[in-house]
Amino acid sequence: MREYPINELVEKVMDSIKKMIDVNTIVGESVETPDGTVIIPVSRVGFGFAVGGSDFSKAKDNEDLLFGGGSGAGVSISPVGFLVVAKDQVRLIPVTNSTTSVDKLIDYLPVAFDKISALVKKDKEDSQE
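Sequential numbering from 1 applies to the sequence shown in our numbering.
Hints in this document: simulated from the structure, not taken from any laboratory.
Quick reminder that beta carbons are idealized off the backbone N, C-alpha and C, glycines included.
Incorrect hints may appear among the rest.
Simulated restraints, written as ranges between beta carbons of each label pair [what the hints assert, rightly or not]:
| hint | residue 1 | residue 2 | range |
| --- | --- | --- | --- |
| 1 | F67 | G36 | 56 to 66 Å |
| 2 | E11 | Y108 | 39 to 49 Å |
| 3 | F113 | D22 | 26 to 36 Å |
Here are the simulated BS3-like cross-link-like pairs (lysine-lysine), alpha carbons at most 25 Å apart as the crow flies [to be verified]:
| hint | residue 1 | residue 2 |
| --- | --- | --- |
| 4 | K121 | K87 |
| 5 | K124 | K87 |
| 6 | K87 | K115 |
| 7 | K87 | K122 |
Construct all of the structure, not just a fragment, from the sequences and the given hints.
This is the structure in C-alpha cells:
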C-alpha cells in the first residue's frame, strides 16, 4: 500500500496552529492594580484549516505517480472583554456595547445580590434593636 504525504501536511498544519494558539491566547495574562483588583483579558479564538492532494502520473508508460498537495490555515482572534476581580465582586466588562438582555442581566446579578444582602443585613440589625 502506498503511503501518501498528505499525513505530513496535516501534521505540519496542526503543529503550526498549536504554536499560534494556547490558553494564554484565550485567557490573557492578568494585571493587578495597586488596589488589588485583578484584570484578565478574555478573547474568542476561531480557526480552520484545509489540506488536499492528488496523484499525477509521470509518463504514460511509467507506473510511478507524483504527489501534489497543499495546505492552509487561518486563525481569528477577537477580544471579548475583561474579567475584573475586585475584593467583593467579579464582573465581565465587554469590549463592545452590543450586549443582549441576558448579558445585561448576568452582569447585573452580582450588584443586585450585593444590594439584597445589604438590605437583609440591615433588616436583621433593625430587628435586633
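Structure-based check of all given hints:
The supplied range of 56 to 66 Å is met by F67 and G36, whose beta-carbon atoms lie about 59 Å from each other. Between E11 and Y108 the beta carbon distance is about 48 Å. The supplied range of 39 to 49 Å therefore holds. Hint check: F113 to D22, Cβ distance near 34 Å, so the stated range 26 to 36 Å holds. A C-alpha spacing of about 19 Å is found between K121 and K87, which places the hinted pair at or below 25 Å, so the restraint holds.
At most 25 Å may separate the alpha-carbon atoms for a hinted pair to count; K124 and K87 meet this at roughly 24 Å. The hinted pair formed by K87 and K115 meets the criterion: a straight-line CA distance of about 16 Å does not exceed 25 Å. Pair hint K87 plus K122 holds up; C-alpha atoms about 21 Å apart against a cutoff of 25 Å.
Hint compliance for this structure: every hint is met.
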